[in-house]
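Undergrad: Protein sequences appear in the order of chains C and X.
Each residue of the first sequence is one higher than the one before, counting from 113 in our numbering.
Each residue of the second sequence is one higher than the one before, counting from 2 in our numbering.
No lab work stands behind these hints: they were computed from the structure.
All C-beta atoms, glycine included, are put in the ideal place defined by N, C-alpha and C.
Coverage of chain X stretches by chain C, computed from C-beta distances (three or more under 8 Å per stretch; other residues unrestricted):
{"id": "1", "segment": "26-32"}
{"id": "2", "segment": "47-54"}
20 Å max Cα-Cα, derived EDC-like pairs, lysine to aspartate or glutamate:
{"id": "3", "chain 1": "X", "residue 1": "LYS156", "chain 2": "C", "residue 2": "ASP116"}
{"id": "4", "chain 1": "C", "residue 1": "LYS124", "chain 2": "X", "residue 2": "ASP36"}
{"id": "5", "chain 1": "C", "residue 1": "LYS124", "chain 2": "X", "residue 2": "ASP127"}
{"id": "6", "chain 1": "X", "residue 1": "LYS76", "chain 2": "X", "residue 2": "ASP44"}
{"id": "7", "chain 1": "C", "residue 1": "LYS286", "chain 2": "X", "residue 2": "ASP11"}
{"id": "8", "chain 1": "C", "residue 1": "LYS124", "chain 2": "X", "residue 2": "GLU114"}
{"id": "9", "chain 1": "X", "residue 1": "LYS156", "chain 2": "X", "residue 2": "GLU114"}
{"id": "10", "chain 1": "X", "residue 1": "LYS76", "chain 2": "X", "residue 2": "ASP40"}
{"id": "11", "chain 1": "C", "residue 1": "LYS286", "chain 2": "X", "residue 2": "GLU14"}
{"id": "12", "chain 1": "C", "residue 1": "LYS124", "chain 2": "X", "residue 2": "ASP104"}
{"id": "13", "chain 1": "C", "residue 1": "LYS237", "chain 2": "C", "residue 2": "ASP313"}
{"id": "14", "chain 1": "C", "residue 1": "LYS124", "chain 2": "C", "residue 2": "ASP260"}
{"id": "15", "chain 1": "C", "residue 1": "LYS124", "chain 2": "X", "residue 2": "ASP129"}
{"id": "16", "chain 1": "C", "residue 1": "LYS237", "chain 2": "C", "residue 2": "ASP260"}
{"id": "17", "chain 1": "C", "residue 1": "LYS286", "chain 2": "C", "residue 2": "ASP199"}
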Amino acid sequence: MTVDALIATTVKDMLDPPPGERPDWQRVLDAAGRKRGVRRGVVVAALATAVAACAGTAVAVRITVFGSSAAMGTEVARSGALVLRADIGKCGGALYVYDAGTFLGSESGMAVRGLPDCEHPPARKHSVGWMYGAARRTGYLAGVTSADAARLSAVLDDGTRLAPALHRAPASMKTRLRYFLVRLERLARPPGAVASLTTYDARGHLIERWRLPRLSLPGRSR
Amino acid sequence: MNVATGAGLDEIEAVYRARYRELLGIAAAFSGSLDAGRDAVHDAFVSAVRGRSSYRREGTVEAWLWRSVVRTALKRRPREAPVTTIDIDPAPAEADTLAEAADLRAAIAQLPERQRHVLFLRHYADLDYAAIADSLGISRGTVAATLHAARASLKALYEEVPAR
Chain C
113 MTVDALIATT VKDMLDPPPG ERPDWQRVLD AAGRKRGVRR GVVVAALATA VAACAGTAVA
173 VRITVFGSSA AMGTEVARSG ALVLRADIGK CGGALYVYDA GTFLGSESGM AVRGLPDCEH
233 PPARKHSVGW MYGAARRTGY LAGVTSADAA RLSAVLDDGT RLAPALHRAP ASMKTRLRYF
293 LVRLERLARP PGAVASLTTY DARGHLIERW RLPRLSLPGR SR
Chain X
2 MNVATGAGLD EIEAVYRARY RELLGIAAAF SGSLDAGRDA VHDAFVSAVR GRSSYRREGT
62 VEAWLWRSVV RTALKRRPRE APVTTIDIDP APAEADTLAE AADLRAAIAQ LPERQRHVLF
122 LRHYADLDYA AIADSLGISR GTVAATLHAA RASLKALYEE VPAR
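Make a model of the complete structure from these sequences and hints.
TA: This is the structure:
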């Protein structure tokens, strides 16, 4: 075990609260003077679905938590105005990235453990699937990890090291997969510049170190 | 409705549920006890729910909440003999790393407070430099330098330990 890995493991052992500690959101709401009621988004979605059904029209209605902007999938991570949404289908999953409500890009067909197999499943599945892109001057790294991943380290090929937070999916998605989204402030390289992805479990043990092949992009010197 | 500022209640709840254990671990370490840490997390989130319209989307909601928890916990720390770890049984580990971990625990506990805090926020809370800087009210450069110094101290001490 390297010293850095030992530091991470030791800090976790030092700080991890006892297993019985559980969040109590209702207590927070009560103290803040709020009562949990029917969420406005749910009401809007129910009304919209009822209208569509009455009209006899096959309409896929998706309502964001903010109420009106249509978007694909369910929100699973957010970084400022950048939002990662996800779907899980009968054959794999899909990721969609939006910036302030504007669609930036999507990815699907990721061979990640926990996503449903297609008719011809891949020979090997990974603990992480990812997408990396840039549009409208916004760079991002986003993806999904298997349920056993508690920490992810990503290295771009310019040496930038990222440690994205892994977010649990909302209960409505009925999955234990985790999702991540990082806004890249300085996008010096074109998409494809992820050098490696490393996942660790909750005890800090290595799950997978995935070194990605370097791409030969036009006009790019190595 | 297009929300330009303010944090959604759902967003705050999502961070609370997803990151509760890390928030509590940090708050307990910074405030000096598990009870004080629990209160700090609770109070910080109550304040966040009440004051969520003040969030300006200049960083992530999670970073905003981390800052609130860290600052609330720091206000609760005792003036004397600050405690920096929760005293619980260590999780089982491989036999040949237990002694190393014990040495390292002692070394971490002896680090200057700022180094310890930065180390905890980086290695336990998994915050990036910007979020750490925001939480502790220091610059990103100071975060980088502090973290480098902490790691160097620990590595130096570690290297002084005779081979087992």
